[in-house]
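Novice: Residues per chain, in single letters:
Number of protein chains: 2
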Amino acid sequence: MFGARCLLRFLRSCSSAPCPRHKPSAKLSVRDALGTQNASGERVKVQGWIRSVRSQKEILFLHVNDGSSLESLQVVADSSFDSRELAFGSSVEVQGQLVKSLSKRQNVELKAEKIEVVGNCDAKDSGFVHIHTPIITSNDCEGAGELFQVKPSSKIKVPEENFFNVPVFLTVSGQLHLEVMSGAFTQVFTFGPTFRAENSQSRRHLAEFYMVEAEISFLESLQDLMQVVEGLFKTTTMTVLSNCPEDVELCHKFIAPGQKDRLEHMLKNNFLIISYTEAVEILKQASQNFTFTPEWGADLHTEHEKYLVKHCGDIPVFVINYPLALKPFYMRDNEDSPQHTVAAVDLLVPGVGELFGGSLREERYHFLEQRLARSGLTEAYQWYLDLRRFGSVPHGGFGMGFERYLQCILGIDNIKDVIPFPRFTHSCLL
Amino acid sequence: MFGARCLLRFLRSCSSAPCPRHKPSAKLSVRDALGTQNASGERVKVQGWIRSVRSQKEILFLHVNDGSSLESLQVVADSSFDSRELAFGSSVEVQGQLVKSLSKRQNVELKAEKIEVVGNCDAKDSGFVHIHTPIITSNDCEGAGELFQVKPSSKIKVPEENFFNVPVFLTVSGQLHLEVMSGAFTQVFTFGPTFRAENSQSRRHLAEFYMVEAEISFLESLQDLMQVVEGLFKTTTMTVLSNCPEDVELCHKFIAPGQKDRLEHMLKNNFLIISYTEAVEILKQASQNFTFTPEWGADLHTEHEKYLVKHCGDIPVFVINYPLALKPFYMRDNEDSPQHTVAAVDLLVPGVGELFGGSLREERYHFLEQRLARSGLTEAYQWYLDLRRFGSVPHGGFGMGFERYLQCILGIDNIKDVIPFPRFTHSCLL
Numbered sequence: 318m319f320g321a322r323c324l325l326r327f328l329r330s331c332s333s334a335p336c337p338r339h340k341p342s343a344k345l346s347v348r349d350a351l352g353t354q355n356a357s358g359e360r361v362k363v364q365g366w367i368r369s370v371r372s373q374k375e376i377l378f379l380h381v382n383d384g385s386s387l388e389s390l391q392v393v394a395d396s397s398f399d400s401r402e403l404a405f406g407s408s409v410e411v412q413g414q415l416v417k418s419l420s421k422r423q424n425v426e427l428k429a430e431k432i433e434v435v436g437n438c439d440a441k442d443s444g445f446v447h448i449h450t451p452i453i454t455s456n457d458c459e460g461a462g463e464l465f466q467v468k469p470s471s472k473i474k475v476p477e478e479n480f481f482n483v484p485v486f487l488t489v490s491g492q493l494h495l496e497v498m499s500g501a502f503t504q505v506f507t508f509g510p511t512f513r514a515e516n517s518q519s520r521r522h523l524a525e526f527y528m529v530e531a532e533i534s535f536l537e538s539l540q541d542l543m544q545v546v547e548g549l550f551k552t553t554t555m556t557v558l559s560n561c562p563e564d565v566e567l568c569h570k571f572i573a574p575g576q577k578d579r580l581e582h583m584l585k586n587n588f589l590i591i592s593y594t595e596a597v598e599i600l601k602q603a604s605q606n607f608t609f610t611p612e613w614g615a616d617l618h619t620e621h622e623k624y625l626v627k628h629c630g631d632i633p634v635f636v637i638n639y640p641l642a643l644k645p646f647y648m649r650d651n652e653d654s655p656q657h658t659v660a661a662v663d664l665l666v667p668g669v670g671e672l673f674g675g676s677l678r679e680e681r682y683h684f685l686e687q688r689l690a691r692s693g694l695t696e697a698y699q700w701y702l703d704l705r706r707f708g709s710v711p712h713g714g715f716g717m718g719f720e721r722y723l724q725c726i727l728g729i730d731n732i733k734d735v736i737p738f739p740r741f742t743h744s745c746l747l
Numbered sequence: 318m319f320g321a322r323c324l325l326r327f328l329r330s331c332s333s334a335p336c337p338r339h340k341p342s343a344k345l346s347v348r349d350a351l352g353t354q355n356a357s358g359e360r361v362k363v364q365g366w367i368r369s370v371r372s373q374k375e376i377l378f379l380h381v382n383d384g385s386s387l388e389s390l391q392v393v394a395d396s397s398f399d400s401r402e403l404a405f406g407s408s409v410e411v412q413g414q415l416v417k418s419l420s421k422r423q424n425v426e427l428k429a430e431k432i433e434v435v436g437n438c439d440a441k442d443s444g445f446v447h448i449h450t451p452i453i454t455s456n457d458c459e460g461a462g463e464l465f466q467v468k469p470s471s472k473i474k475v476p477e478e479n480f481f482n483v484p485v486f487l488t489v490s491g492q493l494h495l496e497v498m499s500g501a502f503t504q505v506f507t508f509g510p511t512f513r514a515e516n517s518q519s520r521r522h523l524a525e526f527y528m529v530e531a532e533i534s535f536l537e538s539l540q541d542l543m544q545v546v547e548g549l550f551k552t553t554t555m556t557v558l559s560n561c562p563e564d565v566e567l568c569h570k571f572i573a574p575g576q577k578d579r580l581e582h583m584l585k586n587n588f589l590i591i592s593y594t595e596a597v598e599i600l601k602q603a604s605q606n607f608t609f610t611p612e613w614g615a616d617l618h619t620e621h622e623k624y625l626v627k628h629c630g631d632i633p634v635f636v637i638n639y640p641l642a643l644k645p646f647y648m649r650d651n652e653d654s655p656q657h658t659v660a661a662v663d664l665l666v667p668g669v670g671e672l673f674g675g676s677l678r679e680e681r682y683h684f685l686e687q688r689l690a691r692s693g694l695t696e697a698y699q700w701y702l703d704l705r706r707f708g709s710v711p712h713g714g715f716g717m718g719f720e721r722y723l724q725c726i727l728g729i730d731n732i733k734d735v736i737p738f739p740r741f742t743h744s745c746l747l
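Residue numbers (the numbering used here), protein chains in the order written: chain A, 318 to 747; chain B, 318 to 747.
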C-alpha cells in the first residue's frame with residue numbers, strides 16, 4: 318500500500334536540450350493531450366507517472382497519467398525503448414508525436430521518440446513494516462467506552478472466571494500497539510478489522526470495519542503527516558483507477574453519475590488546511606441552520622464536516638489543532654493557552670465527512686504523565702508511559718476507515734454496500 | 318500470496334541445439350554448480366527459477382534456484398540480455414561458463430552466454446480474489462464449541478440484550494463465508510485472525526492466530542487440492558528465503574541449528590501421501606509407546622503426527638480420507654462403506670505436526686441435507702444448504718495456521734515467539 322509512496326517524489330525538471338532536427342516540443346498535460354482534436358503529428362512533451370506497461374514483441378504500450386485527468390495517455394514506443402525502469406509508478410518524460418489512434422479505445426496516442434525516466438519506482442522500497450496488531454486487547458485506546466467485551470462462551474470450562482485473567486475487548490484501534498513497534502521499526506502500518514459497539518443506524522458506521530493505520534517515528538510536524546496522508550489517498554486512488562477501471566466505472570455509471578468528475582477534482586487539487594478555530598468561525602458565519610450549533614470547544618458533527626467540505630469547493634480539507642479537552646490523552650499538547658489545543662488532524666472529504674484522523678503523539682514524559690494522571694489512567698497505561706522513558710522520539714500517526722474510503726471513491730452512499738458481510742446493530746447475518 | 322503459483326508451471330524440456338562452436342553443455346543442478354571446486358570456465362546448462370534480479374548499467378545479475386539448494390546460483394550477464402521477462406519467478410534455462418566468483422559471497426558464478434525464458438511469471442495473474450471474511454459471526458463453523466462470545470461492554474446502552482439480536486462469536490474460520498464468495502469468484506482466499514477459546518498451554522496453540530484459507534470452485538479431487546497446498550508451501554517458503562535471507566539465517570543460526578538442511582530436505586522432495594487407514598496401521602506397528610493408543614476411528618494426536626512425519630523420513634506428508642464421524646458436516650462423503658470416510662486432508666510437517674487442513678466440500682444437496690439433519694443443524698445452516706440448491710459446483714478448500722507455518726520454516730519451538738502480541742489462557746498483555 319505504501320509502496321506507491323514513491324509516486325510522491327518530486328518531478329525533476331527536464332534539462333535535456335530539444336532534439337535539433339525538430340521544433341521544440343510543447344509541454345502538454347495529459348488532459349490537454351487527450352483533448353486534442355484532429356491530432357496530426359504535433360511534437361509534444363508529456364510528464365507523468367506510468368500506470369501500466371504492456372510489452373509486445375516489437376512494440377511497447379505505456380499508459381501515463383499526471384493527475385490532470387482520470388484517463389491516461391497511451392504512449393506507443395518501439396521495443397528498443399523497453400527497460401526494467403519503465404515500471405508501474407516510475408515517473409517519465411516522454412517526447413514524441415501526437416497522432417490519431419487506430420484503436421477505438423482512445424482518440425489520440427503519443428508516438429514516443431524519447432522516453433526519459435525521471436524517477437525510478439521500486440515498489441519494495443517503501444520503508445513501512447506491516448504489523449499484525451491484535452484483535453483481542455486489554456486496552457481501550459480511545460477511552461471511548463464503545464467496546465465489545467470478549468468472554469469464552471458458556472460451554473467452555475476455564476479455571477478462572479476470566480479466560481485471560483483480565484477483562485478483554487475487541488480492539489478499537491491498533492495505534493498503541495503500533496507505537497510500540499514504531500520504536501523498533503521507525504515506520505509501521507497495520508490493516509485490519511476494528512470494532513465499535515455504537516448503537517448507530519447511520520450510513521457511515523459499522524460495528525466491524527477495516528482501518529489502515531500508520532505510525533511514523535522521528536516525525537515532527539503535522540505538515541509532514543498530512544503529506545503522507547494526501548500522498549496515500551491520491552496514489553492509492555490512482556492505483557485503484559488504473560488497476561480496476563471496469564469496477565470503478567460500473568459504480569460511477571449506475572450508482573454515482575458525476576462521481577468521476579468529483580474524484581478528478583479531488584486528485585488534481587492540493588488538499589486544503591484550516592485550523593479547528595477557523596472551521597468553527599466558518600460554521601458560525603454559515604447561513605445554513607445546523608442541528609448542533611457550532612461552538613468553539615464542541616465536537617464537529619457530520620453536518621458540520623459536510624458543510625466545511627462544500628465551503629472548500631469540494632476539495633478534501635485537513636482540519637488541524639483541536640481543543641485538548643476534546644481529544645484522547647496521547648495527542649501532543651500545542652502549549653498555546655489560553656486556547657489550549659493539541660496537534661490533531663482530521664481529513665474531511667466530499668460525501669463522507671471524516672475519512673482520516675491522526676495526530677502527533679505526546680512524546681514528552683512529563684506532559685504525558687500529567688495527562689494520564691488527570692484522566693485517572695496512570696496505572697493502566699504505565700507501559701505506554703514507559704515508551705517515553707526509554708528512547709522516546711517525536712512521532713505521529715493516522716488511521717483511515719477503509720470502507721469510508723471505498724464510499725468516497727466509488728460514490729456509494731451507504732457503508733453497508735461496500736463490505737461483503739456488514740455487521741451493525743440488530744444485524745449479524747451468517 | 319498466490320501470485321507465486323506460477324512457479325509451479327512445468328519446466329519444459331529444452332529443444333535448442335548446443336552452440337556449434339562449443340562442446341555440448343553439461344546440465345547441472347544448482348546444488349552441483351555451487352559445489353564445483355576450482356571452476357575454470359566449464360560450459361554448463363542450469364535450469365531453474367529467478368529469485369532476484371539486479372540490473373546495473375552494463376551488467377545484469379540474476380539469482381537462479383531450482384529447489385536443489387537453499388542457496389541460489391549467481392548468473393552474470395551483460396546488459397543486452399536484460400528484458401522484462403527476466404522477472405522474479407520466471408523459469409529460465411541458462412547456458413554459459415562456470416567461473417570462480419570475484420565476490421566473497423559465493424565461490425562460483427555462471428557467466429551467461431544464452432538465457433532462455435521457459436515460462437513467464439506475471440505475478441498479478443494469480444486468479445485468487447482476496448476476501449475479508451468477518452470476525453464477528455453468528456456461525457460456529459467447526460461445531461467445535463471452543464468459541465469466544467462477543468457482547469457490548471456493560472457501559473453500552475442498547476435497546477435489546479443482544480446488540481445484534483442474535484448471540485455472536487469470534488470467527489473460528491472464514492471457510493463458510495469463502496464458500497459463499499467462491500460461488501461468484503471461483504477462486505478466493507482470506508488471510509486474517511481467527512480465535513479458539515481452548516484452555517491450552519501448549520507450544521502450538523494460541524487463542525488468537527492468523528489463517529490463510531482458500532476455496533476453489535470446480536475442483537474435483539484431493540489430488541488437485543494437494544497440488545495447490547504443496548505449491549503454496551514451497552513457493553512461499555522460497556520467496557521468504559530469497560526476500561528475507563538475513564532474518565531467516567538469524568533464526569537458523571541462533572535458535573535452530575540444522576534447520577536449514579531440514580528445510581532444504583522438505584523443499585526438494587515431493588510431499589508424500591498416505592491414507593488415514595494406512596497412518597493408523599503405521600502407528601499400530603510402531604515400537605514407540607503412545608499416550609493415546611492409535612485406533613481406527615480415533616483422532617490423530619500431536620505425538621502420532623510427529624511419529625508419522627519421522628516415519629516418512631522428515632518429508633511433509635498428506636494424510637487423506639478420515640472417518641466421517643471425526644469430521645464436520647461439510648466434508649465430502651467418500652461413499653466407501655463399511656469404512657465410511659470423507660475426502661479430508663491434513664498436511665503434517667516436521668517439528669509442528671498438522672499445518673494445513675482441508676477437504677472437498679459436500680456439494681450434493683441431499684447428502685448435505687442428511688448430514689445437517691443428523692447433527693440437528695438444519696435450521697441454522699439453511700443458508701448454507703441453499704448454496705447447494707442454486708448452481709452448486711464441486712469445490713474444495715484448505716486453511717493453514719500462519720504462526721505454525723513460521724514455526725515450521727524458522728524452527729521456532731514455541732508459537733508464542735512468532736507473533737508480536739500473543740494471546741493465550743491467562744495472558745493478554747497490552
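Don't read these hints as lab results, they were simulated from the structure. Values in this document were obtained by computation on a predicted structure and should not be read as measured data. Mixed in with the good hints there might be a few duds.
Same chains, same label: a pair holds when it works inside one copy or across any pair of copies.
[Stated by the list, open to error] With a straight-line cut-off of 27 Å between C-alpha atoms, the simulated DSS-like cross-links for lysine-lysine are: (1) K577 with K623; (2) K733 with K623; (3) K601 with K585.
Novice: Under a CA distance limit of 27 Å, which applies to K733 and K623: within one copy, between copies, both, or neither?
Specialist: within (20 Å within a copy, 46 Å between copies)
Novice: Can you tell me if K577 and K623 fall within 27 Å by alpha carbon in one copy, between copies, both or neither?
Specialist: within (19 Å within a copy, 58 Å between copies)
Novice: Given a CA cutoff of 27 Å, do K601 and K585 count as a within-copy pair, a between-copy pair, both, or neither?
Specialist: neither (30 Å within a copy, 72 Å between copies)
Hint compliance for this structure: hint 3 alone is broken.
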